[in-house]
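J.: Here are the chains, one letter per residue:
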Amino acid sequence: MRLIRAPEGDRSAGVAAHLVEFCEQLRVEGVGSGTAELLDAFAVLAEIPWTEPQDFREALAATLAKSQEDRRIFELVFERFFFRAAEAAALREGVREGTQTGPDLAELGQQIDLDDLRREIAAAMREGAEGTLRDLARLAIAAFGRRGDGSGVIGVDVQRIRRALGLRSEPQRELPEDDPRRAGVPRDALRRFEALLRRELERGQIERTEKLPPSRPLNELDRALPSGPLQDLAAVHRVVAQLKRRLKTQGQENRGHSRHAHVDVRRTMRASLQTGGVPAQLRFKPVRPRRPEIYVLCDVSTSVTSASVFFLSVLHALHDSFRKMRSFVFIERISEVTDVFDRERDFRAVSEAIGRDAGVADVSGYTDYGRVWSEFRTLVEDDLHPRATVIVLGDARTNGRDPRADIFAQVAAAAGRTFWLNPEPRLYWNYGDSVIATYERHCQAFECWTTVQLEDFVKALTRPVHAA
Amino acid sequence: MADAPDSVQAVAEGLREVGYLPAQATALVSFLACKLGKPILVEGPAGVGKTELAKALSKVLDRRLVRLQCYEGLDEAKALYEWNYRKQLLRIQTEGRSTGWDDVQDDIFGEEFLLSRPLMDAITSEQPVVLLIDEIDKTDQEFEAMLLELLSDFQISIPELGRVEARTHPVVLLTSNNSRELTEALKRRCLYLWLDYPELEHELAIVRLHVPELQETVMRKLVEIIGMVRDLDLKKPPSIAESIDWGRALLLLGAQDIDATVFRETLSVIVKHRTDLDVVAERVGVKLDPTADLAAHSRT
Numbered sequence: 000m001r002l003i004r005a006p007e008g009d010r011s012a013g014v015a016a017h018l019v020e021f022c023e024q025l026r027v028e029g030v031g032s033g034t035a036e037l038l039d040a041f042a043v044l045a046e047i048p049w050t051e052p053q054d055f056r057e058a059l060a061a062t063l064a065k066s067q068e069d070r071r072i073f074e075l076v077f078e079r080f081f082f083r084a085a086e087a088a089a090l091r092e093g094v095r096e097g098t099q100t101g102p103d104l105a106e107l108g109q110q111i112d113l114d115d116l117r118r119e120i121a122a123a124m125r126e127g128a129e130g131t132l133r134d135l136a137r138l139a140i141a142a143f144g145r146r147g148d149g150s151g152v153i154g155v156d157v158q159r160i161r162r163a164l165g166l167r168s169e170p171q172r173e174l175p176e177d178d179p180r181r182a183g184v185p186r187d188a189l190r191r192f193e194a195l196l197r198r199e200l201e202r203g204q205i206e207r208t209e210k211l212p213p214s215r216p217l218n219e220l221d222r223a224l225p226s227g228p229l230q231d232l233a234a235v236h237r238v239v240a241q242l243k244r245r246l247k248t249q250g251q252e253n254r255g256h257s258r259h260a261h262v263d264v265r266r267t268m269r270a271s272l273q274t275g276g277v278p279a280q281l282r283f284k285p286v287r288p289r290r291p292e293i294y295v296l297c298d299v300s301t302s303v304t305s306a307s308v309f310f311l312s313v314l315h316a317l318h319d320s321f322r323k324m325r326s327f328v329f330i331e332r333i334s335e336v337t338d339v340f341d342r343e344r345d346f347r348a349v350s351e352a353i354g355r356d357a358g359v360a361d362v363s364g365y366t367d368y369g370r371v372w373s374e375f376r377t378l379v380e381d382d383l384h385p386r387a388t389v390i391v392l393g394d395a396r397t398n399g400r401d402p403r404a405d406i407f408a409q410v411a412a413a414a415g416r417t418f419w420l421n422p423e424p425r426l427y428w429n430y431g432d433s434v435i436a437t438y439e440r441h442c443q444a445f446e447c448w449t450t451v452q453l454e455d456f457v458k459a460l461t462r463p464v465h466a467a
Numbered sequence: 000m001a002d003a004p005d006s007v008q009a010v011a012e013g014l015r016e017v018g019y020l021p022a023q024a025t026a027l028v029s030f031l032a033c034k035l036g037k038p039i040l041v042e043g044p045a046g047v048g049k050t051e052l053a054k055a056l057s058k059v060l061d062r063r064l065v066r067l068q069c070y071e072g073l074d075e076a077k078a079l080y081e082w083n084y085r086k087q088l089l090r091i092q093t094e095g096r097s098t099g100w101d102d103v104q105d106d107i108f109g110e111e112f113l114l115s116r117p118l119m120d121a122i123t124s125e126q127p128v129v130l131l132i133d134e135i136d137k138t139d140q141e142f143e144a145m146l147l148e149l150l151s152d153f154q155i156s157i158p159e160l161g162r163v164e165a166r167t168h169p170v171v172l173l174t175s176n177n178s179r180e181l182t183e184a185l186k187r188r189c190l191y192l193w194l195d196y197p198e199l200e201h202e203l204a205i206v207r208l209h210v211p212e213l214q215e216t217v218m219r220k221l222v223e224i225i226g227m228v229r230d231l232d233l234k235k236p237p238s239i240a241e242s243i244d245w246g247r248a249l250l251l252l253g254a255q256d257i258d259a260t261v262f263r264e265t266l267s268v269i270v271k272h273r274t275d276l277d278v279v280a281e282r283v284g285v286k287l288d289p290t291a292d293l294a295a296h297s298r299t
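Heads up: the protein sequence lines correspond to chains L and U, in order. Under numbering that gives the first Met the number 0, the first residue of the first sequence is numbered 0, with each subsequent residue one higher. Under numbering that gives the first Met the number 0, the first residue of the second sequence is numbered 0, with each subsequent residue one higher.
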């Protein structure tokens, strides 16, 4: 067997140092790559020539990123890290692209016919040729640099260039028959082209200013719950897929160490009959996953809509972990939406359907908790029992109305467990018109504004219990 | 490992020759696994060719395939080894009373009385093998822990016998449908390979390989439709196996084109859930209506 080897002389210390640093950055972003993985990466690089960028990346990914989630982060960090490393080296060595190709490019920019450029880019996108696309991205930047409408903000420039090139993913019927853009360019090719544009623009900026911009940590976006109206379906899927996997694992974690805790007397006695009444074999109570009966109430007023719908989607995607589930949304009034989730799978469609049909806002559009509690009590009074769980998601901002905590207390008393999820950070609780403290007396309140917190909550909700 | 391939290209070629079209990453990781002697953990949705990869590799490397299908409740006795109680009993009985206890004890815990199960089989084989541990996510975590010794040191400890070490170095593949998180310890010992649904051209090549008689135009349309169906967020999206099955079905029916009627009639080949059927018929079936502009839709 080939042993894992430390970096050898033929590979310069530079590569090793870079790789260690890269690994360090992965860890900062939350990928659990340990020393073993790092050593593997070195072993792998002994087999793969680092001059093949695609192979190099795949080989590193195979050793360092060991799940789909990690792989996604790996890609982002890889891009960022090696781009910066190359630029830093270029700055140090004083290599400037401008000295060789700069004038040419500028000249080229003068000569390029925009229409030709558009066609060529669209054609390259269809074929998916990475190298050609990069060259074309630089040409496009050169052409636009000449026109002098660069804004200096990279994100804005990227969009301007894309628009000026008339690249869109949807079909454009008004274009002539032979134009490659007519049927729309592939969406991922478009995204890649934008990434290339962005990178080339950044490169240019680094060259001009002769220093690296500060390194940004990865966007927290996919770790926080969507808060704006632009909900991301992919985010829901990611969280749900992760939650499902974790939930499946969780029962097994608990099985080992708590198995011996509770002796099942009845079954032990029964087993003792075989040994003439001597309880030679102990029988233990099995640990069963809890499959609670759930009532969810979600505030869907504008301040917390996204978090609510997101939360509902997650719960519904996990519905097989629960025995029974009914969901309600409320603003001024309450409305049951269980069947909306049965019908629709698309996150966006669900939010639209809720916005359109639920009929929960009467006049003002402000949440009226007092009214909601009394309506909820009427709706489910007969169904609530000590094994039911009630979950409320809302910011507990009453807009100055009566919170009617007494009705809430009655509901909480009828149900076995009551949880309150507040999508606001704890810092803002009980500020302004938030009355979470009044409700907190009757239930457990959690803050829940990132996917991690959401996950912790769902875990707590389904944690296995010892069979009574 | 005399016949270990010496480059990524060689592995890719070999896999192609035995009828498995690998993506670049697949060939690369397989190559690394052979070179470094590390197990591969292959994850991905059902039906993207995880098990096929192991079979193909065994053909390429010209090794026997030892397969352990995992399921809930799988234990050492089924996976590693078991003592052959009956034979041991017979042995004790034939010995008679004259033999001392110590002799018998030494005797009955010998290799002769060991029933070897797949993992033991793979380890003790004279010829190098490819070991496939299929659907590892179906087992319990305890079983995973048991595998650790095997995967990192290629040895098994039997209390009565001592340590059994591998005579040859097996190439190990573990597959997982991603239904639960595997332990970090297991992941750390493996190279990781994520197999996803293939790109359009790649899948086209796969279908072409398996159903060569099908017309090129029909084939392309088939793959495009499958791509659309996969985008729909179904309970069970169609896998590569289903694309191939559908191709075969279309061939049998002698279809010249996939229009709305043909699609409706053969839908059940690719979609296997009642609720999914409705969704697909509604969202994709409509697009196949002859009056609609086909090209515009199928390219997106």
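Honestly, the hints are just simulated from the structure, not real lab data. We put the beta carbon where it would ideally sit given N, CA and C, even for glycine. It is possible that part of the hints are untrue.
Derived lysine-lysine pairs resembling DSSO-like cross-links, with alpha carbons at most 27 Å apart [as the list claims (entries may be wrong)]: (1) U:271 - U:137; (2) U:186 - L:458; (3) U:286 - L:458; (4) L:323 - L:458; (5) U:220 - U:286; (6) L:458 - U:235; (7) L:323 - U:77; (8) L:323 - U:271; (9) L:323 - U:235; (10) U:220 - U:271; (11) U:54 - U:137.
Partner residues are not named here, just some residues of chain L that face chain U (Cβ under 7 Å, in silico) [stated by the list, open to error]: (12) 34; (13) 35; (14) 38; (15) 57; (16) 61; (17) 71.
Across the chosen pairs, the derived CB separations fall in these ranges [said to hold, decoys possible]: (18) L:74 - U:184: 23 to 31 Å; (19) U:267 - L:277: 54 to 62 Å; (20) L:74 - U:260: 36 to 44 Å; (21) U:208 - L:75: 29 to 37 Å; (22) U:166 - L:53: 34 to 42 Å.
J.: Taking the hints in turn, state whether each one holds.
T.: Hints and how they fare:
The straight-line distance between the Cα atoms of residue 271 (chain U) and residue 137 (chain U) is roughly 22 Å, inside the 27 Å bound, and the hint therefore holds. Under the criterion of a C-alpha separation no larger than 27 Å, the hint pairing residue 186 (chain U) with residue 458 (chain L) is consistent with the structure, at around 23 Å. As the CA atoms of residue 286 (chain U) and residue 458 (chain L) are separated by approximately 42 Å, the hinted pair breaks the 27 Å bound. Simply put, residue 323 (chain L) and residue 458 (chain L) have alpha-carbon atoms about 17 Å apart, close enough for the 27 Å limit, and the pair holds.
With a CA separation close to 12 Å, the supplied pair residue 220 (chain U) and residue 286 (chain U) stays within the 27 Å bound. Distance restraint check for residue 458 (chain L) and residue 235 (chain U): the Cα-Cα separation of roughly 26 Å lies within the 27 Å cut-off, and the hinted pair is therefore satisfied. A threshold of 27 Å between alpha carbons decides the hint, and for residue 323 (chain L) with residue 77 (chain U) the separation of about 38 Å lies outside it, so the pair is violated. Taking the CA atoms of residue 323 (chain L) and residue 271 (chain U), the gap is about 26 Å. The hint holds against a cut of 27 Å.
At roughly 23 Å between alpha-carbon atoms, residue 323 (chain L) and residue 235 (chain U) fall within 27 Å of each other, so this suggested pair holds. This hinted pair checks out: residue 220 (chain U) and residue 271 (chain U) have alpha carbons roughly 20 Å apart, not beyond 27 Å. With a C-alpha separation of about 20 Å, the suggested pairing of residue 54 (chain U) with residue 137 (chain U) holds against the 27 Å cut-off. Interface restraint check: residue 34 (chain L) against chain U, minimum CB-CB distance 10 Å, threshold 7 Å, status violated.
At its closest, the beta carbon of residue 35 (chain L) sits 5 Å from a beta carbon of chain U; the interface hint therefore holds under the 7 Å criterion. Interface hint status for residue 38 (chain L): violated, as the beta-carbon distance to the closest one in chain U is roughly 11 Å, over 7 Å. Annotation: residue 57 (chain L) was flagged as interfacial toward chain U, and the flag holds, the nearest CB pair being 5 Å apart, inside 7 Å. Restraint check, residue 61 (chain L) versus chain U: the minimum CB separation of about 5 Å is within 7 Å; hint holds.
With a cut of 7 Å, the hint placing residue 71 (chain L) at the interface with chain U is violated, because the nearest CB-to-CB distance is about 10 Å. Take residue 74 (chain L) and residue 184 (chain U): their Cβ atoms lie about 25 Å apart, and the range 23 to 31 Å holds. Between residue 267 (chain U) and residue 277 (chain L) the Cβ separation comes to about 60 Å, which falls inside the hinted range of 54 to 62 Å. The hinted range of 36 to 44 Å is satisfied by residue 74 (chain L) and residue 260 (chain U), whose Cβ atoms lie roughly 43 Å apart.
One distance hint, 29 to 37 Å for the beta-carbon pair residue 208 (chain U) and residue 75 (chain L), holds here, with the actual separation near 35 Å. Under the hint 34 to 42 Å, the C-beta atoms of residue 166 (chain U) and residue 53 (chain L), about 37 Å apart, fit the expected range.
When the structure is compared with the earlier hints, violations turn up for hints 3, 7, 12, 14, 17 and for no others.
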